Structures are given as structure tokens and as C-alpha cells.
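Novice: As a plain string of letters, each chain reads:
There are 4 protein chains.
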Amino acid sequence: MLKFHTAGESHGMYLVGILEGIPAGLKLNLDYINSMVLLRKRGYGRGKRMNFEEDKPEFFGGLTRDNITTGAPIGFRVRNIDWEKGGRGKFSSIPRPGHSDFSGSIKYDFENLYLPAERASGRLTVLDVIAGSICILFLKEFEVETYFFVTSVGGVSIPIEHSDGVDAIFKKAISSSVLVPFPEFEEKIMGEINHAIKEKDSLGGSGLVILKGVPAGLGDYNRWDKRIDGLIAQAIMSIPSVKAVEIGEGIESSRFKGSEFHDPFFIRGGKILRGSNNAGGIEGGITNGEDIIVKFYAKPIPTVRRGVPSVNFKEFKEVKSSYVRSDTVVIPAVSLIVASRVSFVIASTFLDKFGGDHIKDIKDSFNSYINSRRRFWQR
Amino acid sequence: MLKFHTAGESHGMYLVGILEGIPAGLKLNLDYINSMVLLRKRGYGRGKRMNFEEDKPEFFGGLTRDNITTGAPIGFRVRNIDWEKGGRGKFSSIPRPGHSDFSGSIKYDFENLYLPAERASGRLTVLDVIAGSICILFLKEFEVETYFFVTSVGGVSIPIEHSDGVDAIFKKAISSSVLVPFPEFEEKIMGEINHAIKEKDSLGGSGLVILKGVPAGLGDYNRWDKRIDGLIAQAIMSIPSVKAVEIGEGIESSRFKGSEFHDPFFIRGGKILRGSNNAGGIEGGITNGEDIIVKFYAKPIPTVRRGVPSVNFKEFKEVKSSYVRSDTVVIPAVSLIVASRVSFVIASTFLDKFGGDHIKDIKDSFNSYINSRRRFWQR
Amino acid sequence: MLKFHTAGESHGMYLVGILEGIPAGLKLNLDYINSMVLLRKRGYGRGKRMNFEEDKPEFFGGLTRDNITTGAPIGFRVRNIDWEKGGRGKFSSIPRPGHSDFSGSIKYDFENLYLPAERASGRLTVLDVIAGSICILFLKEFEVETYFFVTSVGGVSIPIEHSDGVDAIFKKAISSSVLVPFPEFEEKIMGEINHAIKEKDSLGGSGLVILKGVPAGLGDYNRWDKRIDGLIAQAIMSIPSVKAVEIGEGIESSRFKGSEFHDPFFIRGGKILRGSNNAGGIEGGITNGEDIIVKFYAKPIPTVRRGVPSVNFKEFKEVKSSYVRSDTVVIPAVSLIVASRVSFVIASTFLDKFGGDHIKDIKDSFNSYINSRRRFWQR
Amino acid sequence: MLKFHTAGESHGMYLVGILEGIPAGLKLNLDYINSMVLLRKRGYGRGKRMNFEEDKPEFFGGLTRDNITTGAPIGFRVRNIDWEKGGRGKFSSIPRPGHSDFSGSIKYDFENLYLPAERASGRLTVLDVIAGSICILFLKEFEVETYFFVTSVGGVSIPIEHSDGVDAIFKKAISSSVLVPFPEFEEKIMGEINHAIKEKDSLGGSGLVILKGVPAGLGDYNRWDKRIDGLIAQAIMSIPSVKAVEIGEGIESSRFKGSEFHDPFFIRGGKILRGSNNAGGIEGGITNGEDIIVKFYAKPIPTVRRGVPSVNFKEFKEVKSSYVRSDTVVIPAVSLIVASRVSFVIASTFLDKFGGDHIKDIKDSFNSYINSRRRFWQR
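Protein chains in written order, with our numbering: chain A, 229 to 607; chain B, 229 to 607; chain C, 229 to 607; chain D, 229 to 607.
Chain A with its partners taken away, still in its complex shape (with noise of 0.2 Å):
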């Protein structure tokens, strides 16, 4: 099973992520990772901090110098050039709504408000782009391909349609600074956004995440904490800013009767193939060999420049939350975060499935694997 765990704050010194479980013979490749990391920062409507901060990620721990796996727990230190320029945590009285102050500083008893903020930032998820960056380089190994976009900003919706075609609409959408493969929508989300920036507003958004090749029969039924559905929507839901995760045709689902919606078996030229994935890949909480699909919701960043009604618990009086510097649309981000908290989730399932210490054995018992099952799948 992989593990990740992280370190730091916002405005602390640095951030350390450790990623456990990932076998030995990994080659890393260093500039995919990096490229992760800079789409992460990128994209427009970010503030201004992802201007100076470099996110290039040192790799301390579980690397041979040709930056090869050992089995080892993968170290990584990512520097915070704000507080190498003096930049700290700041102190407030005053929660903003939506985010973790009131809530967090409940919980732990803090004076400053904003305390919580140190680690529920999206600072850290810095650290996860590089946990899933590693996860969807392993997933390579195996012929697994990871998609994600953007498919709302605000009120403006992207048709994309999940189809044979993917690979050469998510290479467009890579290229364009709000994570759109089409350039007319491109603009008219980018109007949204600068409309957003003028009213000193910020908005939300939802995005779709693909993988494709994921071998059938991840997860288990067994236990319901095994379910790759729920393991998904875990990794998922845990990301801040989401509120609300579907797999598949998860939604309209409900409105379907059973007849219409789950996808019918065929043969073709001597294959077993399916007719519709509305299940999204998952059956009975198992892949079952179709894409991956899955599809999110995010609220708007609660930081927003215009203030939004609060309190000072000090003074016990109302005002208006006050401004930290932030950015007014993360969902580019945001689909990215959640496809690399995907492949993370595949990963350790694909891990659990074919054991093994050494990427070699993986890939022996994962051949084996499909050979024995060729009466019910090709891949």
C-alpha cells in the first residue's frame, strides 16, 4: 500500500512530502515531475506568490544517484522562497468563511485565526503533484495514461466529451493556461476570470479526470474501506475546495432506469467489448478494465478580496474578513491535484494486487496476471 505523508507550512521554511511504498527500479523522471509541478503553478487567475516561488523539488531520500527507486521512502524538500524573503504567517482575529480558521482554530484551541491556514493551504498540494507525478510514472510502466481538465469555471461549461480522441485534446489543454483544449471557450472562461479579478471576487468550478489502460479487478467488495469507489472519492473530497465527487455517469444515474443505464456486453471481431461506460470503469467497487472516469466539484477559493461578512472574535464585533493574498480561480489546479490523487489511489491498488519489491516483479506477475485472465479480458 502507498503511503504519503507531508511536513511544513505555508509559511514555514520548507515543505517535506515522503511517498512510501513505490518498488524498486523506478527510473524517475525528473523533468516530467518538474513539468507537473509548473503546470500546478501556473494558470491563469493564480496570485501572485506563484510568481516567486520556484516548487523545484529536491530529492533526498530513496533515489540512487541515477535517480532510481530503492524501495526506500521517496524524500522530497520543496523550499518557500516567501519565507526565505521574510514573508510569515500573519495573525487575525477574524475567520474567513469556507475556510479552515474558525473551524480549525476550534479544534485546537489557537488565538490566531489563521494558524489553521498553515496547513490546510493550498500550498501544500505542491506535494501531492509530485506524490501523483511519481504514481503516473509508475502507472507508464504499465501502459497507464492519466488525463484531466477542466470542464466549468464559474457559469462557463466545457463540452468535452470522454472519447477515443482524448490523448490529443488533453495535449491542447496542457498548452493553455486555464487547462481548456478549445480556444473559444478558452476566452470566454478567461473573460470570466478577469471579470472576477475586477469585481475582486473569486469562483469555483468543476473538471473531469480520466485514466485510461487501468487493468480490471482493483479494489475489493470485500470490505467497504477497499472499494476503489470510495478510495477515489476519498483522495477526492479530501482536496480543498471540493465539495462533491461522481463517478461515471454518477449524477444523471439516479435518474435512469436500470435498463437504459448500465453498459450492455457485446462481441465484436471476437472481443468482449462494452457499450457505454456510464459506470465510469468501476463495477462492484472493482475496475473492470473500461476508462476511468471522474468528475468534481469545486467551491470558489474562500480568500476573496472584496471580504465577505465576519467577525473579529477579539473584539466581538462584525466586519468584513480581511484579504490575505491569494488567487481568485484554482480549478486548473485543482484537476490536476485530483489526478494525481487518482493515479496515487490506482497505484497503491494496482501495488496491493501485484505485490512485489522490484519493478521487474511487478511486471511478471502483472503479465501473468493478464495472460490468466484472457477468457474475460484483452487488454
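Don't read these hints as lab results, they were simulated from the structure. Every value quoted in this text rests on a predicted model; they were computed, and no experiment measured them. C-beta: ideal position from N, C-alpha, C; glycine also. Take the hints with a grain of salt, since some may be wrong.
With a straight-line cut-off of 27 Å between C-alpha atoms, the simulated DSSO-like cross-links for lysine-lysine are [unchecked claim]:
no.: 1; chain 1: C; residue 1: Lys231; chain 2: A; residue 2: Lys231
no.: 2; chain 1: D; residue 1: Lys454; chain 2: C; residue 2: Lys269
no.: 3; chain 1: C; residue 1: Lys454; chain 2: A; residue 2: Lys591
no.: 4; chain 1: C; residue 1: Lys255; chain 2: B; residue 2: Lys318
no.: 5; chain 1: B; residue 1: Lys588; chain 2: C; residue 2: Lys542
no.: 6; chain 1: A; residue 1: Lys255; chain 2: C; residue 2: Lys542
no.: 7; chain 1: A; residue 1: Lys426; chain 2: B; residue 2: Lys485
no.: 8; chain 1: D; residue 1: Lys454; chain 2: B; residue 2: Lys454
Distance windows between CB atoms, simulated [as the list claims (entries may be wrong)]:
no.: 9; chain 1: C; residue 1: Asn599; chain 2: A; residue 2: Tyr260; range: 31 to 39 Å
no.: 10; chain 1: D; residue 1: Arg603; chain 2: C; residue 2: Ser550; range: 14 to 22 Å
no.: 11; chain 1: C; residue 1: Asn295; chain 2: A; residue 2: Tyr260; range: 47 to 55 Å
no.: 12; chain 1: D; residue 1: Glu415; chain 2: C; residue 2: Asn599; range: 53 to 61 Å
Let chain A serve as the given structure and place chains B, C and D on it in line with the hints.
Specialist: Coordinates of chains B, C and D only, in the frame set by chain A:
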């Protein structure tokens, strides 16, 4: 931390559940537990098996003769009358689309594609309801109340507003055979179900769970696997049929502006109050003292009397999936199961926070906490 | 990872065990399991309850009709004939020194100081033996064999040398009523036990467990909670009565010089061999392919017929601890339970390493591993 | 529950530890932590690397500027001066018997047999000492004190009696370079070590850890993996070099009669007392309010200057194991590490029992508990 384990199959001798972590000194009201189990069994549109299964749990561990918990694992057993009547699991080479038949048989290399359903079956959720009822009884000791509703069946939606009157409408809902508090909608839904029965089809639906009185401070932002929104999402998404989960106004949140969405603080009559509860009682992965609001969406069950296009894997030819005695609609039962699972998560994080091996210990630490946090929040 | 859960009390209706994580496709030899359960019950110096308890497990989950595992949790139930005969737990205000009476009643705030013993009782170890027997059967599929011996009772030691002839002396031991392979020592020990019975006292003892054929590479040095020596120590030290655990020549090792203690490598007949096995088959928290050798030391059981100075906590006066029907010597049973637990740990780490949901999958990955590591080690 | 994670290698850039679960509001005395780290480094018979490693932890997470914990994971970093000086891990095809070289390289399929030692190395125990020191500081808030001693080195034993004077002899021990409180034995031991240095050999030893003031009621008999004796045994046996663990008079217990071994209850001066502490403070897997007494036995370290017979796996010929800069004796450091680990286990079960997110919350629930159990036990 609460733990829940099960063994037994849908067509086996009996089912056993073990609930670990409930403290000593809790008097279990067995009548309440039995009433919840009956509520699950009942419900318009359920299949014939529900008519003869007794579903009366036998508690064999963790209780004194007076039904007071001892801190030991609480063990309970539910007989399968079906088995006692000679019913046994059937053999099939034809997977039902939407069920665990295909994915589970690949995973475990089964010849009998109906074997996975023995454990993936909704039959086992009777154990969830028993465990959940114990959690609800535990939470009642701290004045936490749990409510659940059906909000749609097939195409029919029921306009349930979350409000102070939830207690009254809940009483009406649980006396309805479709868990719907309003007679006019009850009738409409039963019409929809009758139509589906006639068409030999099944229907999906959606529901709502509300917990009132949950203290602020449960869950944690310090690790993603401790955030209470993630734990709730996992617990719900891993219920058979559920395909989407939403906290508060989760889906709508993606279309909102920050200045509109986030729940403002006010001072009224010397108390700090929130102006809305779009967050559904959770901010930063921690409860904030407002009602917990969770919504969920369930697909129609995959056993469809009229059949769905499938393939006979042994004979390698196209057929219709065969019918197994089943329900037409399960959303009322699903709503109860979601309530059980959410109560489990709340009770579990509650016990993590307040510790204690006897219910009196927990009351002591709970009261100390409530008193020490008065400057923030008064229950 | 294997998981084992239990519910039920020593004087309750019945006991239930749930073993999770055994793969599908393992044919369970129920005769073997029953023979192990009988071996536990038997043993010179055991109390009267063992005469009428049947201890025949009823398997109610996780098996097909042909007793082949399905990958589902394996559930088994053992009736308490004592309960059926009307035996119930007694009330006492006088703690037995050495038992859980005092410490457990403080923890859970019990008035009845005998309540903790309901779960801390050796009675529950019948479940451990069943779970352990399944693990032993699983390991036999990979040619791992488990042996166990009594090495001392009270003051009498039995000189059991670990050698190639272990299989032969084990056969003798399990036909002995004190698990001792040599008739002259058997007699001596029975004399010691008879003396203790006459004196209304109880006796401690020690034992030895050996596993042959365990592959190199189980466990891990990368986290302390994954080291196999730690896992074994926990599994044994948490058996009622055990107070010390030793791996290989653990105690003697502290008096050794490095040049003498560590097991040298040699080349003989084109194979690399070790000159000794002082390490007990574990180096760096990982199995090294040599026999696993574990020793343990158990205190005399705390229920002593002649009584031990104690205090009546209700009346607050000095008394002798009261007698409850019990055994005089349990070290033969303890040895079997240690063997069960060590097999559980080995099977668990084995499954972690080789993955797989069906026994054939595991054999495939196991064989690939053995082949790929030939340059180091030949089984 | 406390969790402890690490990353980094013996010859890597630096080491990082993350300690999770320490509540908010604990003022960390960094001088104390540093003194413990120095104590580990020191010790007669340690190797040369200890001379230049600074071992000064840099805390980068989980603390306010005033070194007060925030409930967030506590992150700390220790530089490897060796790396900064150009020291790197070496390559070898010759395994050191007793080390992880052989078993670890089989597991992970390494060509370089020295790679496992990068993580299995005693170097990493500096992180254990830091984490353990934080646990000791936490326990001091509840008047729990931790003591540790060397009780033998090679063939020389030190007669340390467990008694009320433990505080005084501990002060002497920690000012000794071999952690021995009596000058005459100190001298004898240093002679033994000098002899071993001259002979280019290494020595084993044994030690004793005592915790005073641990409340009754920690641990649990309800699951074997919650028994505190098992948790302690695991925590100690997984320390490099340790090969045997004993609770109280664990080994002797096997030769005792029940009437002699078990610690009687008496009434003296209106208080209930125990006549002895053979149980080492644990009955039924739960602390009983007496001192926790743990003994352990460590093998000589496997890096032996004079070499041990081994095999060059590449050239397939018999050789002597090669020497790597190392220590002659580590039992003083091991004793400190055992104390760190036992404190970790006690603090972890303490937090499980008393819950709470701020140190004041824990004090409240702790005091309520102590008061409510007065009829049993007075601290």
C-alpha cells in the same frame, strides 16, 4: 477509532458483524436497533426475499446481560432464512452489467460469475444498519440526531428544504413506505415504481442525510486521510449503487462566486451565528458546528428483470442477462445505509477526539472541551 | 495484509473469528484444522472445562461448498458448551494478581473485576489456533513447514537442538501430552505437573517455534513497523502469559563477540551456505532464507488454586484471591498458539510481497521471484 | 495514535523525521532534545563518524516561532556532515553476516550489497531519539519519567536493582560514557571494550528501561494488536541489533510457580499496594500503575574490523567480509533508543486513551480519569 468487520454471504448460513471501539457503559436500546433494521427491509419496490427474512440481530459479544457495552468488540449475527429454506447461490456464466459479476470474477478468477455478488450484495447492508444504529445511539448520548430522506426516485424529485423543522418532516418520512414526508410526492413516486415494476425495470434515485448537534472540531486538515469530508465521501461512495456524493451545496458551489457562496458570520443576541450553511457543516475538513448535510446519488440496481444485453462467457455468445430475484427500487434503504455510515464516521472521529474507555469518561472530556471553547462557539 | 478479528467472550454464547486476506482458490483441509484445535485442548495439566468443550469450528463465510476459499473474509464460530450448560461469568471484587482483573477494571471502570477476563481469557486462543492453522495450510502450498515444542516446564528443561531432524522429533512431540519429544523428559515434566496440582499451584514454561522453507526477502528495514522481527515479537508477546521473546540466539547474543556470533557464508558444492543460524533466520528485519527460530517464555497462569494475597476492593480488606476453574500448566497450548501467530505473520508478509487474489497468481509471482534471485539464493 | 515516518539515507544529503499526533500547546524544550541527541552520539566505543556529525535537528514544521506545537506533523531534519564532506555510500559484492546486506539485496534485487545498509543503518536512529525525546517531554507533562541503563557489555554484567533510588543512579549513568552508574563497573566495561578494539572485534550487551508514573489503563486486551506488551515488544525488537525482549521478570517467570511469581496486593496506610513488580507494570496487556520495566538483549554489531567469513557474490568465491568504518559497541546508544521507543508507545497509547487536540484538553480528561478511578488506584 471505530472499526467494522463482516463475514458471511448473501446465500450463506448467516451474516456476522463486529463493531470495535464503542466504549464501555453504553446501554443499547435493542428495540431501536430492531426498528432500524425493519425500516431497511421495508420500502415499496423491494423484492420478495425481504418478506421472509426476519433480520433480527443476535448479539453474542460485547454486551453485559443488561445490554450494556463492555468496551469489547460488539458481535452480532443475522440468520439468512433464505438459506434455512434451502436457497443457495446460483451458477451463471452471464454477467449482469453494473454488478460485480464481471469485475469480481476477473479479479478472483471465478468460473461462477455470480460468486462476487455473494459479498457485493445489498443483503450485507443489514449489518451496516446494525452497526450504524449503535453509532446513532452513541451519538444521541451527546445530543447528536441523525435524519435521512429520499429526495428523488427516477425522474421525480421531492423538494426537501433543510430547515429547523427537520425533526417533524423526518417523523413523517419514516412512516412512509418510500421515506418521503409529503403524501402528494409519495403517491407520485409509487406510481413511478409501479410503472417500473410493470416494465420489469429498475430505478435510481437520490437522498439527503442531515446530522444536527455535531460538535465543531471533528476531523483534521493535517492529513488528507483525516479530513472528515473525505472520510464521509469514502463511507458513502462505497455503498453499493451510490455513484456520486455531495457535501452541502457541493455541485452548485462550482457555479458560485466566493462572495455569494461562503457562509457569513453574524452576531445576533450576543451569539455568533452563520447566515447560511452552504458548506454543509464542514470547513477545512473539520466540522464547524453547523448541521452536517450530505447528498448522494444512486444508480438503478443492476439486476433488471427485462434483462440487459450481455454475453455468456462460457459459450462466448451474446445473450440477455438473466434475472435473479431482486428489488425494483432501493433508494429508501440506501438513504438509511448512508445515514448509518455517516453516523459511523462522526462517531469514529468523535471518539478519536474525546478518547475515553467508558461513556462517562467521554462525557467528561466532551464537556470540558465545550466549556473551554465557549469564546468561539456555544452549542 | 492479513487481518484477524474476534468477538465473543469466554462465558458467552459463542466465539467468532474473522480472517481477512487469504486469497481465493485455497482448499481448506478441515481435518487438519480440527486436529490443531484438539491439540490445543489436550495437554496434561489443563483444567476441566477442556473436557466438555467440543471446539469444533463452524465455517460460515469465505468458503465454497467444497471448502475452497473465495477471497472473502473467512468466518468461523466456536460454541461455548459451558454457556449452553448454564455456565455464566461470575462476579468478584477480588482481583487475581497477574490477571487482567485489576488493570482492566481500572481502564473500563468495572464493578465486576472478573469482566476483563471474559476477553483476556486463554479461552479465546482457540480462535487464534483456527486462524493460524489456515495460515499454516496456506504456507504449506509454498513448502513452508511449521514446528513447535515445549522446551521447559517449571524447573525442567528439555534439550531440543535445532537440526535437520526437526521433522522427526516434531512428530513425536505432537503425540506427547506435554508436547515433548523425549519420553524421559515427558515423564519428568508430568511429575513436576503432578506435584504442582497437589500443591494447588501453577507452573510457567518456555518453548520453541521453527519454520522451515520461508523464502528470503519477507519483512522490510525501511520502516520499523515493517521489520519482521518486530512483527513476530508483537504477535508473541501479546499472547496471554508470554513475558519474553527471543529470535535465534537472542539472549546469548549479548554475551558474544561479533566475530563469533554472526553466521558466516561458505561455498559448498557450488552453493552458498551459512555456517550457523544464530540470527534465527532474520537479518536487518528481513528473512534470509534460513529457518526462522523463535523462543518464548511464559509465566505461570495467574489463577492459582491455593490463592495469592489480594484485596477485596469492595470491602477494602486483605484476602486471598479466589479460585476459578482453571489449568495448572498451559505451555503446550501456548507453544501451539505461538506457532499459529508466527505463521500468521509469515503468511501476512508473504502475501504483502507476492500480491495476488488467487492462489495461482501467488504461485506465479512466487516462482518468478525465486527464479530471478537465483544468483543469491537457491531454495 | 502517534505515527512516525522517516526518509533519507545514512550516506545521503540529510535525514528527515515526521512525528504525527502530538497535540497542540506543548512547549518543546529544544535543549533537552539536543542533549539526548548528543547522548546517543557519545559513548565509549563508538566509531569516528560520530566525531564530526553535528546531529543538530532543524525543526521545520509543527511548531510556532516559540517552539510550541500546533498539532501539525512535527518535521525535523538532520544533516549528514559525512555527505557534505564528500562521503558517499560504497559498492560491495560481499555481504557482512548479520547485516541487511544479504537479505535486503535479495528482496530488492540489488547489485550493490551495501545499498540496504543505507536505510537499515544505525545512523537513522538519530531520528528515533528526536521523536522519542518529544514523547518523553510530552509524558513529563503528566509526571511520567523515563530511565535507561546498560546492564551488560560482552561478558560483564552490572547489577542494577530496580528500586526507588532509580532517579539518583540514572543521573550517574547518563554522565558515564558507557551509561553505567557505578565507577567500578564502568572501568571493567571500558577494559572489555578496549580489548575488543584491539582485537578488531565488536561486542553485544543488554539494557534496562524503566518508566515511572505511567497511569494504569493503557493498552487493551480486546485485540492482540492493542496489548501494550506486544506494542512494546515490537517497538524494541525492530531496533537494529536487538534480538530479545523481556517484560519484568519475563525469562525467570518461566521457572516460577504461580504462587511465587504474581505480585500480591496489600493494604498499607489506607492505600492498596503491590508486594512486588515481577509483571513489569503490565497485566493482561494493560498497564497496572506500577513501573514499566523492560529488558533487552543486543547482538554485537555486524561490521567487524577483523572480518567474518563471507562470499564475494560477483566472483563467487570465499573471502572475509570487508570493513566499513563503524562502532565497536553500541549498547549505550541502543539503551537510549529503546527508551525512546518505549516512550513513543506509552505516549501513543496515552493519547489514544485520553484524546484531545490541545495539551489542556488532555490534562482535563486525564485528571477526570484519575479522579474517577480512585477506588482502585491512587497515583
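Novice: Are the hints correct? Go through all of them and say.
Specialist: Here is how each hint holds up against the structure:
no. : hint                            : result
1   : C:Lys231 - A:Lys231             : holds, 19 Å
2   : D:Lys454 - C:Lys269             : holds, 26 Å
3   : C:Lys454 - A:Lys591             : holds, 23 Å
4   : C:Lys255 - B:Lys318             : holds, 21 Å
5   : B:Lys588 - C:Lys542             : holds, 21 Å
6   : A:Lys255 - C:Lys542             : violated, 68 Å
7   : A:Lys426 - B:Lys485             : holds, 13 Å
8   : D:Lys454 - B:Lys454             : holds, 21 Å
9   : C:Asn599 - A:Tyr260: 31 to 39 Å : holds, 32 Å
10  : D:Arg603 - C:Ser550: 14 to 22 Å : holds, 19 Å
11  : C:Asn295 - A:Tyr260: 47 to 55 Å : holds, 50 Å
12  : D:Glu415 - C:Asn599: 53 to 61 Å : holds, 56 Å
The structure shown violates just one earlier hint, number 6.
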